[in-house]
Amino acid sequence: MGLRVGYFAAETFINLKRNLLMTIAAITTVWISLSLLGGMMMIGEIGNHAFSKWEGQVELSVFLRDSITPDQQKELASAISDMPEVGNVFFESKAQAFEEYKRMFEDQPSLVQHVSPDALPASYRIKLKDPNSIDAVKSRLVGRPGVEEVNFGGDVVKRFLKVAKLFRTIFLVLIAVLLGAATILIANTIRLAVYARRKEIGIMKLVGATNWFIRVPFIFEGVFEAALGAVLATAVIFAAKLGLDQLQLTNALIPVTVDGGFVLRVFGTLLGTGVVIGALGSSVALRRFLEV
Amino acid sequence: MIRLENVSKIYKGSVAALSEVSADIQKEEFVFLVGPSGSGKSTFMRLLLKEEDPTEGRIYVAGKDIAQLPNWRVPYLRRNIGCVFQDFSLLSNKTVAENVAFALEVIGRPRHVIHQRVPEILDLVGLSDKINNRPDELSGGEQQRVSIARAVVNRPPVLLADEPTGNLDPATSSDIMALLERINQSGTTIVMATHDHAMVDQARKRVIELEAGKIVRDQARGVYGMGGT
Numbered sequence: 001m002g003l004r005v006g007y008f009a010a011e012t013f014i015n016l017k018r019n020l021l022m023t024i025a026a027i028t029t030v031w032i033s034l035s036l037l038g039g040m041m042m043i044g045e046i047g048n049h050a051f052s053k054w055e056g057q058v059e060l061s062v063f064l065r066d067s068i069t070p071d072q073q074k075e076l077a078s079a080i081s082d083m084p085e086v087g088n089v090f091f092e093s094k095a096q097a098f099e100e101y102k103r104m105f106e107d108q109p110s111l112v113q114h115v116s117p118d119a120l121p122a123s124y125r126i127k128l129k130d131p132n133s134i135d136a137v138k139s140r141l142v143g144r145p146g147v148e149e150v151n152f153g154g155d156v157v158k159r160f161l162k163v164a165k166l167f168r169t170i171f172l173v174l175i176a177v178l179l180g181a182a183t184i185l186i187a188n189t190i191r192l193a194v195y196a197r198r199k200e201i202g203i204m205k206l207v208g209a210t211n212w213f214i215r216v217p218f219i220f221e222g223v224f225e226a227a228l229g230a231v232l233a234t235a236v237i238f239a240a241k242l243g244l245d246q247l248q249l250t251n252a253l254i255p256v257t258v259d260g261g262f263v264l265r266v267f268g269t270l271l272g273t274g275v276v277i278g279a280l281g282s283s284v285a286l287r288r289f290l291e292v
Numbered sequence: 001m002i003r004l005e006n007v008s009k010i011y012k013g014s015v016a017a018l019s020e021v022s023a024d025i026q027k028e029e030f031v032f033l034v035g036p037s038g039s040g041k042s043t044f045m046r047l048l049l050k051e052e053d054p055t056e057g058r059i060y061v062a063g064k065d066i067a068q069l070p071n072w073r074v075p076y077l078r079r080n081i082g083c084v085f086q087d088f089s090l091l092s093n094k095t096v097a098e099n100v101a102f103a104l105e106v107i108g109r110p111r112h113v114i115h116q117r118v119p120e121i122l123d124l125v126g127l128s129d130k131i132n133n134r135p136d137e138l139s140g141g142e143q144q145r146v147s148i149a150r151a152v153v154n155r156p157p158v159l160l161a162d163e164p165t166g167n168l169d170p171a172t173s174s175d176i177m178a179l180l181e182r183i184n185q186s187g188t189t190i191v192m193a194t195h196d197h198a199m200v201d202q203a204r205k206r207v208i209e210l211e212a213g214k215i216v217r218d219q220a221r222g223v224y225g226m227g228g229t
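Those protein sequence lines, which keep their order, are chains A and B. The first sequence runs 1 to 292 under this note's numbering. The second sequence runs 1 to 229 under this note's numbering.
Just chain B, same shape as in the assembly:
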């Protein structure tokens, strides 16, 4: 589903944010991306979204070399990749339902599809009773659920989650994690960057650890930190 071949990203006048990174992520896999701040996790995510191009190497998403993708095709690439962030990124002037519907409206989905999918997905994330609330009336966990609903409402094959639980307490984080696992089980490939040791250790999923732009560990059913790291 996602393949990186010797990918390096060097920002002008700076050290390499990623160097010679290769990874192969299968369809329906759930992968944790761990490592200290500045280790290259965010760059990894940004390259997959083609917000930036790699300095070297090739990146394939769903079998396509995204470096070859012309700029006008980038929106169509992004329709295949849902995104969730630490800060939820919800529009405060829209209701929960409108926030989720927005993701479908702006890619030109017909109204009957929107009317059908939005309640469906809000039911999945357990927010059926909050559809007409605004984000500031919700708890952090609920806001992140809305954000996840928005990311998957278009049924993308890939979901990228960048520190989705970074702003949440442990109990709420577990709920979000359970939700992500459920989405993963329904067939969505998930790449999740996180600092949350407990969650990684408990989930026992594949772990890719980055340090100073290099992959230092790629382990199936891994834990957050190995020994001294």
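Only chain A is shown next, with the shape it has when bound in the complex:
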């Protein structure tokens, strides 16, 4: 068997070298397709990250009546923290609310002067695990004893959430489409390579080579080309990340970049995709040549 592995490895690289143009075409095809796929994943990741950050800032404010009893408040507090959708709860007392108010309007002392420290309501500020559950949570809190009002950004927030959802859906679809396109492109290139060598395959069959013996070097080639293409595509993504990191210095508003972990994940995805497509593409392309 050791000898055969040697034969397969040698045959693979001899063929890669002899069909250099075909090899370059295949690697380039994989490279470009997977770069597009990786680029799309990157844009998706950046957008997703930004939306997540904004979504994380969506906050539900539960304003309390001044008349609320300590028992009611205790009950409310535990009701809120028992809800599975709730992530983080922060209690803002009347005094804290006034401090915050003073800080917000410190340039306008007249506004501050006319408000007594007692005028602003205490509130619970709720951050949700999933911002899309904001309506459900709100409806469960409205009308509870001691609750004056439940508030969030309203329509703006809802519209924003819708956009975020749409964005994610569109990107998933785009990535699926690109994945499909990459598959077809790569499979086609392999088919061309196999077609270019149909004579060789015919001779192999004629002298009694088994189908696996014919198939294996082609699969090795497909996998090798796909892997190399995936490495090159990842290099493109990594270069894009470095470029974005540079821009980040001047634009810190939202994190328009990805971390190293993402690049690794992209590499894994591209390599996996490429290798699977390369191997499958080779076998499928060979099938009609291997019929007895």
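These aren't lab readings, by the way, just hints derived from the structure by calculation. Heads up, some of the hints might be wrong.
Said to hold, decoys possible - Computed cross-link-like contacts, SDA-like style, restricted to lysine to any residue with a CA-CA straight-line distance of at most 20 Å: (1) A/LYS138 / A/ARG168; (2) B/LYS50 / A/PHE213; (3) B/LYS27 / B/LYS12; (4) B/LYS94 / A/LYS138; (5) B/LYS94 / A/PHE8; (6) B/LYS50 / A/LEU161.
Starting from the structure of chain A, add chain B where the hints point.
What follows is chain B alone, placed relative to chain A:
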């Protein structure tokens, strides 16, 4: 070595390419298969290689009914049958030695066997001085010698030759014929389809003549055409 029993091959929506063909070819025999184009010579060859299955009848190669052969065993059948074609079918990106070695490599023969057999067989076909040339640097006759070397390097008991001299001039054809006779004398059964009257007439071997899918003549020490045919 090869036996056909009432073999018919009918392609879908077409007349019979072979009908009720029976023949028995002995070990170490040399048989010419003659007849006009479309008479069924190629189908005959293809059935022996199990590139196709007969519609009816049985075919035995080396005592085995090849219709019963599962697909995965077909490569092993073909290792027993060398093939030579009119168009040489050489790989232009490999040298002469590599073309011949290829036939052994792809059936998984160990390297020391390849190193020993390839020069041996190239010596037999008289191409020892061309081992590192590529096919396009050779004459037609030389290319056919390479093709023959590739067909017999694995020492198959049967050699099928489909119009091996179809592209060659008469003098070169005689050389190829002499080579095939030498291979035959070393114990290989040869079935050769041909249009070459002169060669058949001169060789005086067994002749099987096909016409419209039927055997119309099977004659020991025959000539190409009998009287009016």
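(request) Sort out whether A/ARG168 lies within 20 Å of A/LYS138, counting only the CA atoms. (result) violated, 25 Å
(message) Holds or violated: B/LYS94 and A/LYS138, Cα atoms, limit 20 Å.
(response) violated, 77 Å
(request) Assess, step by step, whether the Cα of B/LYS27 is no farther than 20 Å from the Cα of B/LYS12, and give holds or violated. (result) Not satisfied, since the Cα-Cα distance of roughly 34 Å exceeds 20 Å.
(message) Checking one constraint from the list: CA of B/LYS50 to CA of A/PHE213, max 20 Å. Satisfied?
(response) Answer holds: B/LYS50 to A/PHE213 is near 19 Å, not above 20 Å.
(message) Does A/LEU161 sit within 20 Å of B/LYS50, going by the straight-line distance between their CA atoms?
(response) Outside the cut-off at roughly 66 Å; violated.
(message) Holds or violated: B/LYS94 and A/PHE8, Cα atoms, limit 20 Å.
(response) holds, 17 Å
In summary, the structure is inconsistent with hints 1, 3, 4, 6 from the numbered list given earlier, while agreeing with the others.
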